[in-house]
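K.L.:
Chain residues, written in single-letter form:
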Amino acid sequence: MPPIIRKLRIPTGWLAIPASLFLVTACTTTEQPASRQPAPVAHHSVMESSDPDSPFAKVFDGEAAVVVLTFYDLYCVACQQSAENFTILSNRIGESFPDAPIQVKGVGIGDTAFELSVFQRRYNLPYPSIPDPEKTFEEPFQIKGTPTVLVFTRKDTDCIEIYRHEGRLRSSDVENLLETIREAVSAQ
Amino acid sequence: MALTSFLLLGTAVMSCNPQVMCTVEEPAKLPIFEPGYLKPVDSQTHLQVGQKAPDFTLPSTDGREIRLSELLEDKAVVITFVPAAWTPVCSEQWPGYNVAEPFFEEADAILIGITVDNLPTLHAWTREMGGVWFPVLSDFYPHGEVTAKYGILREDGTSERALFVIDKDGILRYIDVHDINKRPPLDVLIEELEKLLD
Numbered sequence: 651m652p653p654i655i656r657k658l659r660i661p662t663g664w665l666a667i668p669a670s671l672f673l674v675t676a677c678t679t680t681e682q683p684a685s686r687q688p689a690p691v692a693h694h695s696v697m698e699s700s701d702p703d704s705p706f707a708k709v710f711d712g713e714a715a716v717v718v719l720t721f722y723d724l725y726c727v728a729c730q731q732s733a734e735n736f737t738i739l740s741n742r743i744g745e746s747f748p749d750a751p752i753q754v755k756g757v758g759i760g761d762t763a764f765e766l767s768v769f770q771r772r773y774n775l776p777y778p779s780i781p782d783p784e785k786t787f788e789e790p791f792q793i794k795g796t797p798t799v800l801v802f803t804r805k806d807t808d809c810i811e812i813y814r815h816e817g818r819l820r821s822s823d824v825e826n827l828l829e830t831i832r833e834a835v836s837a838q
Numbered sequence: 225m226a227l228t229s230f231l232l233l234g235t236a237v238m239s240c241n242p243q244v245m246c247t248v249e250e251p252a253k254l255p256i257f258e259p260g261y262l263k264p265v266d267s268q269t270h271l272q273v274g275q276k277a278p279d280f281t282l283p284s285t286d287g288r289e290i291r292l293s294e295l296l297e298d299k300a301v302v303i304t305f306v307p308a309a310w311t312p313v314c315s316e317q318w319p320g321y322n323v324a325e326p327f328f329e330e331a332d333a334i335l336i337g338i339t340v341d342n343l344p345t346l347h348a349w350t351r352e353m354g355g356v357w358f359p360v361l362s363d364f365y366p367h368g369e370v371t372a373k374y375g376i377l378r379e380d381g382t383s384e385r386a387l388f389v390i391d392k393d394g395i396l397r398y399i400d401v402h403d404i405n406k407r408p409p410l411d412v413l414i415e416e417l418e419k420l421l422d
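Sequences listed follow chains A and B, in order. Here the first sequence stands for residues 651 to 838, where the numbers follow my numbering. Here the second sequence stands for residues 225 to 422, where the numbers follow my numbering.
In case anyone wonders, no lab produced these hints; they're calculated from the structure. Computed from a prediction, not measured in an experiment: that's the story for all the values here. One or more hints might be untrue.
[Unchecked claim] Straight-line alpha carbon distances no greater than 30 Å define the calculated DSBU-like cross-link-like pairs of lysine-lysine that follow: (1) B:K419 <-> B:K392; (2) A:K794 <-> A:K708; (3) A:K794 <-> B:K406; (4) B:K406 <-> A:K755; (5) A:K755 <-> A:K708; (6) A:K708 <-> B:K406; (7) B:K406 <-> A:K785; (8) B:K299 <-> B:K373; (9) B:K263 <-> A:K785; (10) B:K263 <-> B:K373; (11) A:K755 <-> A:K794.
Please take these sequences and the hints and turn them into a complete structure.
P.N.:
Written out as structure tokens, the structure reads:
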């Protein structure tokens with residue numbers, strides 16, 4: 651406390667009340683339903699690599715027009731909390747776009763194949779995942795943390811990132827992702 | 225007035241836990257204390273596989289007094305000692321065991337977590353993790369008594385990062401006093417759990 655305040659014995663405890671109200675308000679804001687684009691969408695192109703062992707080649711290995719990637723880590727609490735919605739997202743894609751060439755894949759950032767199998771078994775993830783124990787996917791896909799969900803569309807030999815969700819995946823985020831995928835499928 | 229203000233501020237801070245993302249640097253998105261690189265192992269346990277596991281009673285965060293020998297009447301027991309709450313590796317290791325819970329059930333084993341932190345600290349830490357399914361025990365006072373019984377009390381008063389698998393007869397079947405800076409591999413622990421069924 652500054653000496654002048656101590657000398658004058660000005661009570662400062664009351665400051666905690668507006669501070670508390672501010673904190674509660676600020677934190678409540680973070681729990682509001684996500685906006686349609688919770689993170690800046692990077693419209694960068696990802697050139698398909700000729701190296702079959704590159705992260706891009708491992709992910710974009712089919713003819714799917716839309717690719718949805720979920721990046722997670724077994725040891726990440728937010729990923730554990732998102733796992734149910736990963737499954738819901740995958741199932742809803744299958745139900746909503748039964749004939750569309752959409753591929754859903756997971757990447758276990760920092761996870762071994764065994765750890766991935768434990769996570770998939772625990773949460774019944776219905777789509778395949780790629781183990782990435784050395785975290786080789788982080789840099790090329792600009793993964794700042796987990797969970798992250800990316801949506802790509804194909805254009806010729808490019809895969810273009812059209813949507814990025816970072817952080818715990820909530821129900822409202824699933825709806826936003828489905829809407830993005832719907833638009834991408836329509837545009838194909 | 226001061227007390228009311230303190231409680232209000234505390235409540236507000238505690239409610240501010242959106243826990244929305246595990247960053248690469250802070251896997252559990254907790255207010256982690258970064259201790260830096262530590263001496264991998266700083267003790268020498270006297271215990272060996274095949275010996276009887278030392279019995280103990282410790283308080284748990286759910287208000288119970290947990291006695292090892294009572295747990296062993298029903299199930300095999302795995303003890304996970306971790307060095308300290310609010311530190312990086314520990315804050316990933318225990319949430320990982322949440323995902324592995326079915327393997328413990330299949331092996332008819334129970335997991336217990338022990339640190340030398342006090343109960344309020346352990347309560348707050350595990351709550352921030354989103355909770356854990358296993359009992360969390362405090363070896364705070366007399367400080368590190370059980371940890372020392374297992375021969376893994378470090379010179380700075382923290383515990384080693386160690387795993388002890390104990391069968392239903394109370395016999396130590398597996399001991400891993402691990403490099404404190406690294407997470408013990410989950411697959412090795414699950415292999416040891418499966419051996420309990422042999």
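K.L.:
Does each hint hold? Answer for all of them.
P.N.:
Evaluation of the provided hints:
1. B:K419 <-> B:K392: 13 Å, holds
2. A:K794 <-> A:K708: Answer holds: A:K794 to A:K708 is near 20 Å, not above 30 Å.
3. A:K794 <-> B:K406: 22 Å, holds
4. B:K406 <-> A:K755: 29 Å, holds
5. A:K755 <-> A:K708: Cα-Cα ~10 Å, so holds.
6. A:K708 <-> B:K406: Distance ~28 Å between A:K708 and B:K406 Cα, so the pair holds.
7. B:K406 <-> A:K785: Within the cut-off at roughly 16 Å; holds.
8. B:K299 <-> B:K373: 22 Å, holds
9. B:K263 <-> A:K785: 25 Å, holds
10. B:K263 <-> B:K373: 21 Å, holds
11. A:K755 <-> A:K794: Given pair A:K755, A:K794 holds - Cα atoms ~18 Å apart, limit 30 Å.
Comparing the model with each earlier hint shows no violations; every hint is respected.
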